[in-house]
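Trainee: One-letter residues, chain by chain:
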Amino acid sequence: MTFVYLMIIGLQIGSIYALVALGYSMVYGIVKLVNFAHGDIIMVGAYCVWYLTSRMSVPAWLAVPAAIVLCSFLGVMIEKIAYKPLRKSDRLALLVTAIGISLFLQNAVQIIFSADPRMFANIFEGTIAIGDRQFSNATAVTIAASTLIMIGLSLLVKRTKIGKAMRTVSEDGEAAQLMGINVNNTISFTFALGSGLAAVGSVFYCCSYSQIQPTMGNMLGLKAFVAAVLGGIGSIPGAMIGGVLIGITESFTRGFISSQLTDAVVFGILIVVLLIRPSGIFGRNIGEKV
Amino acid sequence: MLKVENINVYYGAIHAVKDVSFEVAQGEIVTLIGANGAGKSTILKTVSGLLRSKTGRITFLGDDISSSEACKLTQRGLAHVPEGRRIFQQLTVEENLEMGGYLRSGTENKRTMRDVYERFPRVSERKRQIAGTLSGGEQQMLALGRSMMSLPKLIMMDEPSMGLAPVLVKQIFDIIRELNAAGVTILLVEQNARMALSVANRCYVLETGRIALEANAKELLDNDEVKKAYLGG
Numbered sequence: 082m083t084f085v086y087l088m089i090i091g092l093q094i095g096s097i098y099a100l101v102a103l104g105y106s107m108v109y110g111i112v113k114l115v116n117f118a119h120g121d122i123i124m125v126g127a128y129c130v131w132y133l134t135s136r137m138s139v140p141a142w143l144a145v146p147a148a149i150v151l152c153s154f155l156g157v158m159i160e161k162i163a164y165k166p167l168r169k170s171d172r173l174a175l176l177v178t179a180i181g182i183s184l185f186l187q188n189a190v191q192i193i194f195s196a197d198p199r200m201f202a203n204i205f206e207g208t209i210a211i212g213d214r215q216f217s218n219a220t221a222v223t224i225a226a227s228t229l230i231m232i233g234l235s236l237l238v239k240r241t242k243i244g245k246a247m248r249t250v251s252e253d254g255e256a257a258q259l260m261g262i263n264v265n266n267t268i269s270f271t272f273a274l275g276s277g278l279a280a281v282g283s284v285f286y287c288c289s290y291s292q293i294q295p296t297m298g299n300m301l302g303l304k305a306f307v308a309a310v311l312g313g314i315g316s317i318p319g320a321m322i323g324g325v326l327i328g329i330t331e332s333f334t335r336g337f338i339s340s341q342l343t344d345a346v347v348f349g350i351l352i353v354v355l356l357i358r359p360s361g362i363f364g365r366n367i368g369e370k371v
Numbered sequence: 012m013l014k015v016e017n018i019n020v021y022y023g024a025i026h027a028v029k030d031v032s033f034e035v036a037q038g039e040i041v042t043l044i045g046a047n048g049a050g051k052s053t054i055l056k057t058v059s060g061l062l063r064s065k066t067g068r069i070t071f072l073g074d075d076i077s078s079s080e081a082c083k084l085t086q087r088g089l090a091h092v093p094e095g096r097r098i099f100q101q102l103t104v105e106e107n108l109e110m111g112g113y114l115r116s117g118t119e120n121k122r123t124m125r126d127v128y129e130r131f132p133r134v135s136e137r138k139r140q141i142a143g144t145l146s147g148g149e150q151q152m153l154a155l156g157r158s159m160m161s162l163p164k165l166i167m168m169d170e171p172s173m174g175l176a177p178v179l180v181k182q183i184f185d186i187i188r189e190l191n192a193a194g195v196t197i198l199l200v201e202q203n204a205r206m207a208l209s210v211a212n213r214c215y216v217l218e219t220g221r222i223a224l225e226a227n228a229k230e231l232l233d234n235d236e237v238k239k240a241y242l243g244g
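Order-wise, the sequence lines are chains E and S.
Take 82 as the starting number for the first sequence in the numbering used here and just add one per residue.
Take 12 as the starting number for the second sequence in the numbering used here and just add one per residue.
Treat the hints with caution; some may be incorrect.
To be verified - Here are the computed lysine-lysine pairs in the DSS-like style, where the Cα-Cα straight-line distance is at most 25 Å:
| id | chain 1 | residue 1 | chain 2 | residue 2 |
| --- | --- | --- | --- | --- |
| 1 | E | Lys242 | S | Lys138 |
| 2 | S | Lys138 | S | Lys181 |
| 3 | S | Lys138 | S | Lys14 |
| 4 | S | Lys164 | S | Lys181 |
| 5 | E | Lys239 | S | Lys121 |
| 6 | E | Lys169 | S | Lys65 |
| 7 | E | Lys169 | S | Lys83 |
| 8 | S | Lys14 | S | Lys83 |
| 9 | E | Lys165 | E | Lys242 |
| 10 | S | Lys121 | E | Lys242 |
| 11 | S | Lys121 | S | Lys138 |
| 12 | S | Lys181 | S | Lys121 |
| 13 | S | Lys239 | S | Lys181 |
| 14 | S | Lys65 | E | Lys165 |
| 15 | E | Lys242 | S | Lys83 |
| 16 | E | Lys113 | E | Lys239 |
| 17 | E | Lys165 | S | Lys83 |
| 18 | S | Lys83 | E | Lys161 |
| 19 | E | Lys239 | S | Lys65 |
What the hints assert, rightly or not - Under 8 Å between C-beta atoms, here's a sample of chain E residues computed to sit facing chain S:
| id | residue |
| --- | --- |
| 20 | Ile209 |
| 21 | Asp213 |
| 22 | Gln215 |
| 23 | Thr249 |
| 24 | Glu255 |
| 25 | Leu259 |
| 26 | Gly261 |
What the hints assert, rightly or not - Calculated Cβ distances over 10 Å to all of chain S for the following chain E residues:
| id | residue |
| --- | --- |
| 27 | Val85 |
| 28 | Leu143 |
| 29 | Lys161 |
| 30 | Gln191 |
| 31 | Arg199 |
| 32 | Phe216 |
| 33 | Ile230 |
| 34 | Ser340 |
| 35 | Arg358 |
Just so you know, the hints here were simulated from the structure itself, not pulled from any lab data.
C-beta: ideal position from N, C-alpha, C; glycine also.
One chain only, chain E, in its complex shape:
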């Protein structure tokens, strides 16, 4: 039973990592940038839900969509203001800018809401029993909703016009333009989508961990990044599988070895992946485009 329990908990946290990792991977696929501000968008989403529900008494069903819209908007604005002017410059400049945006968001939230941790009320109250174990409803909702979202995203990318445009821009932006595809709009859409998923992930995360603070995006973001690298950064199924694998690894490490070792194991995976298969599980080993 412990095995099943750890597996379910692993799936829960893994789904959250997967949702966040998708944002890293899609953005990397399309602009070749590791968006280090992505973790902080999660944090902004969490503060938005917290503020609306606990300070403004807005019902959760309204606060969550509001956070998704806010995060999507924020993601698009960050791209337009900070990344777009650097699109033709060195990758390093872009990376440093992303770190700068991350620090900016953390400090902005700290100025507004102070550095004190805030309590985040679980919006999916109640429990369900599987065998002799009790699970929070948040666990069930997280796994079910994340699965649906990921199926929806896969269909969107595979079937719809904008999804195909995303794939073409990620493969060859110049050729995509020659087809009449507006690269700027496609990039904006990708940032909106990734940031919206981050907001959903943040809600699920906060329902299980109940505490939020301005630096909460660091660790969550970093682990989701490891998940994206494990799956093969740039690959959408890779981010999903990578996220779930990291979540399950974490859960089993906590259950069978030691809860203090979970982070070490996760980052150990990053090191091993980078040493053995830097392109990740679904990554393609394509040479740099000339």
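Model the placement of chain S on the given structure of chain E, informed by the hints.
Mentor: For chain S alone, coordinates are given in the frame of chain E:
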């Protein structure tokens, strides 16, 4: 139809295209020939808006397109088959064609796709395949088919014969003739000058970023002196 006046294009400090002017009239096949690095591809990229000229003017069907974005190109009826084909390797053959008709409606695309498949039966046989698995010749056919999807009035082709076996080169040039006969105007950039001249009406010879000569294609092919100077004997 297409009028390029006095363009100058730079890559950083390198002056790649110098005071180039040329014209393509409706229904023509015009070719730009010249050695590697003469600026042929640069000119096409400037026309399509991927690069910008510091001077001059580019007009297409009377509209100034000098500062038009590349993604607005197909809307105007101008298609560009870039050098090296640049098909979307990870998409299926059919998805590649759909992308070619990105700004067209679904019903239009279905109709055009039928035409493309008819013209390129090899491509039709492989429509569910990932485009990256096609051979070089098939990829070139796909690239041409993809450009036809936007129902263009003018297609600019950059080295369609590059890296292909002679029998395929012949096929590609046959298709260029057929497209032209069907009413599409063609601007062809080629290193294979002989083949290009055999299909073209008019030709511009480029030398290190400058137009060195404008001529009737047949005359150029028949002129021994010119042949020696520009086509290597």
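Trainee: It remains to establish, for every hint, whether it holds in the given structure.
Mentor: Comparing the hints with the structure gives:
Straight-line distance between C-alpha atoms of Lys242/E and Lys138/S comes to about 18 Å, which keeps the hinted pair within the 25 Å bound. Straight-line distance between C-alpha atoms of Lys138/S and Lys181/S comes to about 23 Å, which keeps the hinted pair within the 25 Å bound. Only pairs whose Cα atoms come within 25 Å are accepted, and Lys138/S paired with Lys14/S is rejected, the gap being roughly 37 Å. A distance of roughly 23 Å separates the Cα atoms of Lys164/S and Lys181/S; the hinted pair therefore holds under the 25 Å criterion.
A hinted pair counts as satisfied when its Cα atoms are at most 25 Å apart, and Lys239/E with Lys121/S qualifies at roughly 19 Å. A distance of roughly 19 Å separates the Cα atoms of Lys169/E and Lys65/S; the hinted pair therefore holds under the 25 Å criterion. The hinted pair formed by Lys169/E and Lys83/S meets the criterion: a straight-line CA distance of about 21 Å does not exceed 25 Å. In summary, the hint linking Lys14/S to Lys83/S is supported, as the alpha carbons are separated by about 18 Å, within the 25 Å threshold.
Restraint check for Lys165/E and Lys242/E: satisfied, since their Cα atoms lie roughly 23 Å apart, inside the 25 Å limit. A distance of roughly 15 Å separates the Cα atoms of Lys121/S and Lys242/E; the hinted pair therefore holds under the 25 Å criterion. Of the pairs offered as hints, the one joining Lys121/S and Lys138/S holds, with about 13 Å between alpha carbons and a cut-off of 25 Å not exceeded. Distance restraint check for Lys181/S and Lys121/S: the Cα-Cα separation of roughly 28 Å exceeds the 25 Å cut-off, and the hinted pair is therefore not satisfied.
For the proposed pair Lys239/S and Lys181/S, the alpha carbon gap of about 24 Å is at most 25 Å, so the pair holds. A hinted pair counts as satisfied when its Cα atoms are at most 25 Å apart, and Lys65/S with Lys165/E qualifies at roughly 23 Å. With a C-alpha separation of about 17 Å, the suggested pair Lys242/E and Lys83/S falls inside the 25 Å cut-off, and the hint holds. Proximity of Lys113/E to Lys239/E is assessed by CA-CA distance (about 20 Å); at most 25 Å being required, the pair is judged to hold.
Taking the CA atoms of Lys165/E and Lys83/S, the gap is near 20 Å; set against the 25 Å cutoff, the hint holds. Restraint check: the Cα-Cα separation between Lys83/S and Lys161/E comes to about 20 Å, which is no more than 25 Å; the hinted pair holds. For the suggested pair Lys239/E and Lys65/S, the alpha carbons sit about 40 Å apart, so the restraint of at most 25 Å is broken. The interface hint given for Ile209/E is violated, since its Cβ lies 41 Å from the closest Cβ of chain S, which is over the 8 Å cut-off.
For Asp213/E, the interface hint is violated, the least distance from its beta-carbon to any beta-carbon of chain S being 48 Å, above 8 Å. Evaluation of the Gln215/E hint against chain S yields a violated restraint, the C-beta minimum of about 45 Å exceeding 8 Å. At its closest, the beta carbon of Thr249/E sits 5 Å from a beta carbon of chain S; the interface hint therefore holds under the 8 Å criterion. Interface hint at Glu255/E: satisfied, since its Cβ lies 6 Å from the closest Cβ of chain S, which is below the 8 Å cut-off.
Using the Cβ-Cβ criterion of 8 Å, the hint placing Leu259/E at the interface with chain S is satisfied: the shortest such distance is roughly 5 Å. Because the closest C-beta pair between Gly261/E and chain S is about 4 Å apart, less than 8 Å, the hint holds. No Cβ of chain S approaches the Cβ of Val85/E within 10 Å, the least distance being about 38 Å, so the stated non-interface status holds. Listed as a non-interface residue, Leu143/E keeps its Cβ farther than 10 Å from every Cβ of chain S; the least gap is roughly 36 Å.
The claim that Lys161/E lies off the interface holds: its Cβ sits roughly 16 Å from the closest Cβ of chain S, which is beyond the 10 Å cut-off. With a least beta-carbon separation of about 40 Å from chain S, Gln191/E lies farther than 10 Å from that chain, consistent with its non-interface assignment. No beta-carbon of chain S comes within 10 Å of the beta-carbon of Arg199/E; the shortest separation is about 44 Å. In this structure Phe216/E is separated from chain S by more than 10 Å, as the shortest Cβ-Cβ distance comes to about 39 Å.
Remark: the non-interface label on Ile230/E is consistent with the geometry, its nearest Cβ contact in chain S lying 23 Å away (cut-off 10 Å). Separation of Ser340/E from chain S is adequate, the least Cβ-Cβ distance of about 41 Å exceeding the 10 Å criterion. Taking the minimum C-beta to C-beta distance to chain S, about 19 Å, the non-interface status of Arg358/E holds against the 10 Å cut.
Going down the numbered hints, you'll see the structure goes against 3, 12, 19, 20, 21, 22, while the others check out.
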